[in-house]
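We have chain A already, so just place chain B on it with the hints.
Number of protein chains: 2
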Amino acid sequence: MLNDFTYQTPTKLIFGKGVIKELPKEIAKFGKNVLLTYGGGSIKKMGLYDEVYKLLDGFNITELSGIEPNPKYDPSVIIGAKLCKENNIDVILSVGGGSVLDCSKAISVCAKYDGEGWDLISGKVKAKAAVPIVDIITLAATGSEYDMGCVISNTAISDKRGYLDELLYPAVSFLDPEYTFSVSKWQTACGTADAINHVLEQFFAAPNSMFNDGIMISALRSLMTNVKIALKDPNDYSARSELMYVCSWGCNGILANGAGYSGWPMHSIEHALSAYFDITHGAGLAIITPRWMKEILSEKTVERFVTLGRNLFGLDKNLSDFETTQKVIDGFYAFFEETGIPMHLAELGVKEDKIEEMADHILENDSTNEPWMFAPLDKDALIRILKASM
Amino acid sequence: MLNDFTYQTPTKLIFGKGVIKELPKEIAKFGKNVLLTYGGGSIKKMGLYDEVYKLLDGFNITELSGIEPNPKYDPSVIIGAKLCKENNIDVILSVGGGSVLDCSKAISVCAKYDGEGWDLISGKVKAKAAVPIVDIITLAATGSEYDMGCVISNTAISDKRGYLDELLYPAVSFLDPEYTFSVSKWQTACGTADAINHVLEQFFAAPNSMFNDGIMISALRSLMTNVKIALKDPNDYSARSELMYVCSWGCNGILANGAGYSGWPMHSIEHALSAYFDITHGAGLAIITPRWMKEILSEKTVERFVTLGRNLFGLDKNLSDFETTQKVIDGFYAFFEETGIPMHLAELGVKEDKIEEMADHILENDSTNEPWMFAPLDKDALIRILKASM
Numbered sequence: 000m001l002n003d004f005t006y007q008t009p010t011k012l013i014f015g016k017g018v019i020k021e022l023p024k025e026i027a028k029f030g031k032n033v034l035l036t037y038g039g040g041s042i043k044k045m046g047l048y049d050e051v052y053k054l055l056d057g058f059n060i061t062e063l064s065g066i067e068p069n070p071k072y073d074p075s076v077i078i079g080a081k082l083c084k085e086n087n088i089d090v091i092l093s094v095g096g097g098s099v100l101d102c103s104k105a106i107s108v109c110a111k112y113d114g115e116g117w118d119l120i121s122g123k124v125k126a127k128a129a130v131p132i133v134d135i136i137t138l139a140a141t142g143s144e145y146d147m148g149c150v151i152s153n154t155a156i157s158d159k160r161g162y163l164d165e166l167l168y169p170a171v172s173f174l175d176p177e178y179t180f181s182v183s184k185w186q187t188a189c190g191t192a193d194a195i196n197h198v199l200e201q202f203f204a205a206p207n208s209m210f211n212d213g214i215m216i217s218a219l220r221s222l223m224t225n226v227k228i229a230l231k232d233p234n235d236y237s238a239r240s241e242l243m244y245v246c247s248w249g250c251n252g253i254l255a256n257g258a259g260y261s262g263w264p265m266h267s268i269e270h271a272l273s274a275y276f277d278i279t280h281g282a283g284l285a286i287i288t289p290r291w292m293k294e295i296l297s298e299k300t301v302e303r304f305v306t307l308g309r310n311l312f313g314l315d316k317n318l319s320d321f322e323t324t325q326k327v328i329d330g331f332y333a334f335f336e337e338t339g340i341p342m343h344l345a346e347l348g349v350k351e352d353k354i355e356e357m358a359d360h361i362l363e364n365d366s367t368n369e370p371w372m373f374a375p376l377d378k379d380a381l382i383r384i385l386k387a388s389m
Numbered sequence: 000m001l002n003d004f005t006y007q008t009p010t011k012l013i014f015g016k017g018v019i020k021e022l023p024k025e026i027a028k029f030g031k032n033v034l035l036t037y038g039g040g041s042i043k044k045m046g047l048y049d050e051v052y053k054l055l056d057g058f059n060i061t062e063l064s065g066i067e068p069n070p071k072y073d074p075s076v077i078i079g080a081k082l083c084k085e086n087n088i089d090v091i092l093s094v095g096g097g098s099v100l101d102c103s104k105a106i107s108v109c110a111k112y113d114g115e116g117w118d119l120i121s122g123k124v125k126a127k128a129a130v131p132i133v134d135i136i137t138l139a140a141t142g143s144e145y146d147m148g149c150v151i152s153n154t155a156i157s158d159k160r161g162y163l164d165e166l167l168y169p170a171v172s173f174l175d176p177e178y179t180f181s182v183s184k185w186q187t188a189c190g191t192a193d194a195i196n197h198v199l200e201q202f203f204a205a206p207n208s209m210f211n212d213g214i215m216i217s218a219l220r221s222l223m224t225n226v227k228i229a230l231k232d233p234n235d236y237s238a239r240s241e242l243m244y245v246c247s248w249g250c251n252g253i254l255a256n257g258a259g260y261s262g263w264p265m266h267s268i269e270h271a272l273s274a275y276f277d278i279t280h281g282a283g284l285a286i287i288t289p290r291w292m293k294e295i296l297s298e299k300t301v302e303r304f305v306t307l308g309r310n311l312f313g314l315d316k317n318l319s320d321f322e323t324t325q326k327v328i329d330g331f332y333a334f335f336e337e338t339g340i341p342m343h344l345a346e347l348g349v350k351e352d353k354i355e356e357m358a359d360h361i362l363e364n365d366s367t368n369e370p371w372m373f374a375p376l377d378k379d380a381l382i383r384i385l386k387a388s389m
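Residue numbers (numbering that gives the first Met the number 0), protein chains in the order written: chain A, 0 to 389; chain B, 0 to 389.
Same shape as in the complex, but just chain A (with noise of 0.2 Å):
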C-alpha cells in the first residue's frame, strides 16, 4: 500500500572511477567563476586539491577552507556568501563530506538574498534564488549529495537547524568511490552507522509497500556487508562503490515514496548528545538504535521486527515474533560493536546527569512525541532509552 507522494530529485550523479575528469564540462555550464569550498587539509593530502586545479585551468576560483564539521552559520556560512557576491560567483564547487556540502548548500541561498541568512534557513523566509552546487564527495555517509538539506549550527544563539529546500539539490554530484580509500576505519564505520540509520527511521513507519521494505532490506545488506569488507581492506573498490552508492540514496525520501512518516526519533535524540556532547552523529546513532529498538516494541511494531528479522538476518519462520525481534535487535548491537563503535555512550563522555536536561531539550526542539507518529515517544521513554544507552 502506498500514500499519496510527490517525488523528484533532479541532481545528476555522476559515479565511478576517475569521473573527476568531467569536471570542467559540467562547472562550465554555470559560468567561469567558481567559489571552491572544502574543510581541512585531507583534500590536499589525497592530491584532489592539485587536480581540481588542474583541471579548472581558466575558470576564476575564490576559496573558501576551513569549514568544520557541524558547518557554522557564522562564520563559514556569512563568509561564503559574502565571497559569491563578491565575486559574481556562478557556481560553488564543494570537495569534502557531508558538512562541506551542507555549509556550501547555506551559502547558495544566502548568496542570492539581501537579508540575513539565518532567517532562511530557520524558515522565516523561503529562498527564492540558489547559485548552483557541483560536489565532489569524499565521505559515504549523509547522502547530503542526492538530497535538499541541510544542517546548520548558529552557536550565537545555540540554534541547529534542518534546513530543506528544493533549491538544495546539488545540480551534479560527483562520486568516486577512489577517494573514500583513504577514510579512517572510524569515520568508515560511523558514516555507515548514519546511512543504516537513515535507512531504519524511514522503514518503522507505517503504512510500507512490499517494494520499497525490499529496497530498504537490500540497502541494509548491502551497508552491513560491505563495511565490514571495507575495514578488512579500505582499497576494496567493490565495496566502497557499493557503500558510496547507498548512502546517496538515505535522505531524499526515495526509499519510502509512498510510506508514512516516522519522524526520524533517532536523530532527533543523537542532535541533543552532538549538541551537549559534540559526539560523532554516526557513532551516537549506532548506540541509540537497538535501545531505541526495545523501547519501540509493541503490538503495532512488532510487524517491523519480523519483517527484518526473516528477510534481513535469514530467521527462521518458526521462530516466535518475541524470539525474531530480541535477534533482531542483539544483531544489530552486535553488528555496530563489530564495526569498531563503542556501544556505550559513557565511552564518549556523556554524562548521566544531562539526561533528564537532554530529554526536555529533544521534546522541546524535536518534538518526538506527536500522535501521528509511528512510535511516539514521551520524556519518560526518552530518559529510558539514554539510560539504557549509557
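If you are wondering where the hints come from, they were derived from the structure by calculation, not from laboratory data. Owing to the predicted nature of the structure, the values given are computational and were not obtained by experimental measurement.
Pairs involving identical chains hold if they fit within one copy or between any two copies, as the list cannot separate such chains.
Below, simulated EDC-like cross-link-like pairs (lysine to aspartate or glutamate); rule was C-alpha separation at most 16 Å, straight line:
id, residue 1, residue 2
1, 11, 165
2, 84, 115
3, 20, 3
4, 16, 3
5, 31, 89
6, 386, 359
Only chain B this time, still in chain A's reference frame:
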C-alpha cells in the same frame, strides 16, 4: 561491484488518489496553450476527459485524439507536431497509456524542428529542444512516464525505432492508481509481464551489485504478488498502487545503475514478433521469457538463476544449481500462465514458417549477438527460442 554510470531523472512524480487536482498548477508553469493527446474513447468512458476539461478551464486546448497502440510517425506524430506549431503550444498533456505518451514524446521534439521529424527519431539529427510534457498515465506497464524513451513506427518504410533522448523525460507525471481500476484482466497481465521483463532484462547482466540485485528482486516480488491480487479484485488500491509505482521504475536505468548492459535481448525478439504478427508486447515477452532463460543457461549465467531462486522464489539452499535453475524457469512459466497469458505463440497467431525470417530480421535490426553482451544469441539460438515458444 558497480561500474561507472551517470544517472539523472528530472521527472516529477505526483502519485496518489485524486492527485489530478494539481494539474492546473503544474500545467500553468509552462503556459496557456495545451495540446491534449489521447487514444480511443477509454478516457471519456472513465470520465477523465471531462475532468481534465473542467480542471483546465481557462486554458486553450487543442486536441489530438485517436493515437494508436504502436504509435505511428505518419499520421500521429506529423499531425501532432503541426498542431503544436500552428497553435504555439506551450505544453503537451498526454492522457492514456504508454503509446499515447510515446507518441507525445516524439511530437514534443518534432514540434521544435523545422526539418523532417523522422530524422530526429531515427537518430540522424540530434534534437535541440522539446515542448514540455505533462502526462496522466492510465496503465501500469511501460514506464514511459519516468523514462526518456519512446518507440515509434514508420509504416511507410517498415521501420520501428526505439528513440532515446534526455529531452524526452516528462516534466511531470501524474500517477493515480484508481485510473487503472478499469484496466482489463488481459491488459493488467500483459502490462505486468512487460514490467517484469524490464527488470529481468536488467537483472541478467554483469557485473551486478548486491544493492541493485535486492531492488530488482523486490520489484519482481511486488509485481508478481500484486498482479494476482489485482486480477482477483481490480479495485484493490494497494495492489494497483504497487503495480503502478514499480512499473514506473522499469526503463530509466535506476534499477541497474552501475550494472552491465545486457542489450535487452528478449525485447529484440519480441519487437520482431510484434512487427510480423502484431501481438501484444507483454504477452510476447511472457511467452519468450522461460524459453530464453533455458537457452542462455551456462556456467556464466547460472549464478543469476540461483540468486533469483533463493531470494525471489525462496528455494532451499541445499538444492543443486541445476535444480534451482529449473525451478526458476518453471516458476516464471507457471506464474505467467496463472495470470491468463497463453504460453504458446501459436495461440496468438504466430506462424512457425516465419521463424527463420524473423531470426534474420532480429539480427539485422537489433544485433543480439554482440560479444559484449551477457548472453549473445546467434541465429540458431534465436530459432531455438522461437521454436520452443510455439
